[in-house]
Amino acid sequence: MLCQTIYREGDHRWLAFGQDPDRPDNIVDTNQYVVEAGGDAVLIDPGGIEIFPAMLGALSAKLPIDSIRHIMLSHQDPDIGSSLPLWREVCRDDVQIHISWLWTSFVSHFDGEATLTPVPDPGGEIRLSKTLSLEIVPAHFLHSPGNFHLFDPRAGILFSADVAASLVPRGVRGGLFVEDFSAHIPYMEPWHRRAMGSERARDAWLSRVARLDIRILAPQHGLLLRGDDVKRFYDWFGTLRIGEGIEAVRQE
Amino acid sequence: MASELRMASAEILAGAVRAHLALGKLSELAEDVRILSLNAELAAGRAGEQGRSIRVLTLATRELVRQLTAIADGIATLKTAAYAASAGALRTDLRLRIIERARPHTAGSALPKLEAGASRLAASVVTDLLSAAGCVEGMDKQTQRLSATAMHAGTIATNIAVEAAGAGAHGQEFLVVSRTMRRYAGELRRMAEEARGALARARPAVDALGHVAFAHHTRGVA
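Residue numbers (this note's numbering), protein chains in the order written: chain Y, 1 to 252; chain P, 1 to 222.
In case anyone wonders, no lab produced these hints; they're calculated from the structure. Mixed in with the good hints there might be a few duds.
The list that follows gives simulated cross-link-like pairs (lysine to aspartate or glutamate, EDC-like), each with its CA atoms no further than 16 Å apart [as the list claims (entries may be wrong)]: (1) Lys113(P) / Asp180(Y); (2) Lys130(Y) / Asp213(Y); (3) Lys113(P) / Asp94(Y); (4) Lys25(P) / Glu11(P); (5) Lys25(P) / Asp207(P); (6) Lys231(Y) / Glu179(Y); (7) Lys79(P) / Glu187(P); (8) Lys113(P) / Asp93(Y); (9) Lys25(P) / Glu187(P).
So that you can see chain Y by itself, here it is in the shape it has in the complex (with noise of 0.2 Å):
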């Protein structure tokens, strides 16, 4: 599995996980991420349980397992934590895990015996040291009904989960970031399109994060946005008409 530092300043760092060679192609291609500061760590979307393999062995070559003192799962999908009784296994008694109030007992099929610490409609925060908090942002029905983002504010990367996310083949991916804005948008729309369950609730996240200071928008599948290209897909993301599929329920 990569792993790339897409942010780096003193002993804060932010690491990206993805595009596992080895991934057979009926899994889809996950990103997994790892914050790092004061030498705590938190863990965004740890994955499923088929990739827990590639995903350990690489995040330990790159730290102690023990400095994960977090795993934030942003949704209940089994892509974003299935493999969470597996990493409980390996991490450190205390860790904490962050997810929506909603799908705490829904998570509990996974793994019965974790503690869950529910997060709040509203959102919260993860504090990872003394001088840095990440923001957890509520994306309600982007595409879960109880879905969270989480915002750095010093790096200035917001993790979007399946906001921004794009189905690349592999052939395709040229690194971890977009170069090409327009001729990613095939690669999102699909996607959004079916996934994003309200145009309310795409607007009101649009008007939310336009007040945050995003230099990159780290997503859960696919390539990463940075510099203007976050601006781009904000502007293509709220002209977007969502929720495909409907038509087909309407239909006798």
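Since the structure of chain Y is already known, use the hints to place chain P on it.
Chain P in isolation, oriented as in the chain Y frame:
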């Protein structure tokens, strides 16, 4: 979970499933015996003094029904427990397999933690499988009780036939009860034999599991 442990697990579960299938109509049969007992009691009442001995035998039949119901309930509880323990072992085994895959890639302080986790999970698998094996042994005891109850039902049928001979005009009615009871006793015996056969086929797996658990425990102590 090593392959022999997986095989033992599959055989234990198969034994529990087959035994439960063999005893699938036990509750129904217990209900049939209860109704037969009730009818015999009514017939004995109609026969007056000539039905007095039959009335005593219907009390024994009631006890038979109580025993059959208890055996059927016991088997159902053990089957559910065996399924739950096997499911727990399979779930943990899945995690163990993934951890096995992770081992060659894992570095640094994560490796001893991974190995400790694997050891915990292996112990949990063995505990679950021992629990499933215990259920199979419990089912075997229940089927032994069923064999004894079937024999008792046959004896009651014989006694009813003997008493029918001295029951005058009501004798024919009591003979029908006796024949029906004998048929039920035969069905109970067949069920018990089939279930015991299924459980006997699982016995080597239960024994093998005992050896594996002992070896695991010895390693743990060491």
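Hints that the structure is at odds with (numbers, increasing): Hints 1, 2, 4, 5, 7 contradicted; others consistent.
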